[in-house]
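Residue 218 in the UniProt record's numbering sits at position 218 of the sequence shown, with consecutive numbering throughout.
I should point out that these hints are in silico values taken from the structure, not numbers from a laboratory. Here the structure is a predicted model, which means the values were calculated and not measured. Be aware that a few hints might be false.
To be verified - Simulated restraints on C-beta separations: (1) Ala149 <-> Leu100: 24 to 32 Å; (2) Leu217 <-> Ser161: 25 to 33 Å; (3) Asn199 <-> Ser49: 38 to 46 Å; (4) Lys96 <-> Ala205: 16 to 24 Å; (5) Glu165 <-> Gly57: 16 to 24 Å; (6) Leu219 <-> Ser104: 25 to 33 Å; (7) Ile69 <-> Ile122: 22 to 30 Å; (8) Asn175 <-> Ile69: 29 to 37 Å; (9) Leu217 <-> Asp173: 19 to 27 Å.
Stated by the list, open to error - Mimicking DSS-like on lysine-lysine, the simulated pairs with C-alpha atoms at most 25 Å apart in a straight line are: (10) Lys213 <-> Lys95; (11) Lys71 <-> Lys163; (12) Lys89 <-> Lys167; (13) Lys167 <-> Lys114; (14) Lys95 <-> Lys167; (15) Lys114 <-> Lys89; (16) Lys108 <-> Lys71; (17) Lys96 <-> Lys167; (18) Lys204 <-> Lys167; (19) Lys213 <-> Lys89; (20) Lys96 <-> Lys108; (21) Lys114 <-> Lys204; (22) Lys89 <-> Lys163; (23) Lys204 <-> Lys95; (24) Lys71 <-> Lys167; (25) Lys71 <-> Lys213; (26) Lys89 <-> Lys71; (27) Lys95 <-> Lys163; (28) Lys213 <-> Lys167; (29) Lys108 <-> Lys89; (30) Lys71 <-> Lys96.
Note that the Cβ used here is the ideal one computed from N, Cα and C, for glycine as well.
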Amino acid sequence: MKAFYLFIFIPFFGFTQNQPEIKVLDSLYREDQFYFGITYNVINNKPQSVSQNSTSGSIFLGFLRDMPINKLRTFAVAPGLGFSYSNFKQNLLIKKNEDLIQYSIIPKGEIYDKNRFSFVTIDVPLEFRWRNSTPQSHRFWRVYGGIKASYVLYNQSQFVSSKYEYKVVNNPDFNRFLYSVYLTAGYNSGNIYLSYGLNDFFRKAFFNESSEKIRSLNLGLIFYIL
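Generate coordinates for the entire structure from the input sequences, incorporating the hints supplied.
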């Protein structure tokens with residue numbers, strides 16, 4: 001009789017041990033809520049005499065609240081909050097003479113170590129999202145478009161040569177609010193990022209004969225997680 005019970009129990013025990021673990025899928029999942037990006041910056045809408053002479057870039061990061069708007073969760077809107085640092089290396093010399101901000105073009109052939117302006121912003125993006133994600137996989141195609149309002153927390157221009165050094169901090173001619181539109185597309189975590197500035201960096205023209213005040217075009221990569 002003892003052998004009979006063992007014969008019945010052992011196969012049953014083995015069957016229960018081999019049952020696959022059942023995973024509960026989250027049908028209310030959200031995607032891509034943290035982001036980090038780097039870009040190459042191009043000066044756009046500039047006076048003819050202004051030119052870039054070195055690599056300029058930006059780094060940015062932040063959080064976006066993913067809010068799906070359809071049952072399959074393939075369409076969503078995502079408001080967010082982030083920070084950016086950007087710099088532009090070019091030949092526009094900015095210096096302060098008492099209370100007056102002066103602008104001029106560095107003569108060709110002049111040797112100097114550094115000339116750039118940079119700024120730090122707090123960003124408020126709003127994204128409109130499409131992706132073919134599912135609850136089973138975190139690998140999917142995406143196309144996101146957005147608009148972004150940025151508040152300039154700090155700006156600085158700096159010129160350094162063997163003879164002179166000029167620095168202007170929080171130039172009052174620099175616009176406090178910057179606006180842009182952007183597009184990102186790709187697969188999985190890494191994606192191409194393109195951004196176009198909608199307004200000028202500066203409030204007034206640098207030279208009387210020119211109305212351009214410099215905008216930006218940014219091309220780079222953005223990475224989404226969680």
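Exercise. Out of the numbered hints, which ones does the structure contradict?
Worked result: Violated: hints 3, 11, 16, 24, 25, 26, 30.
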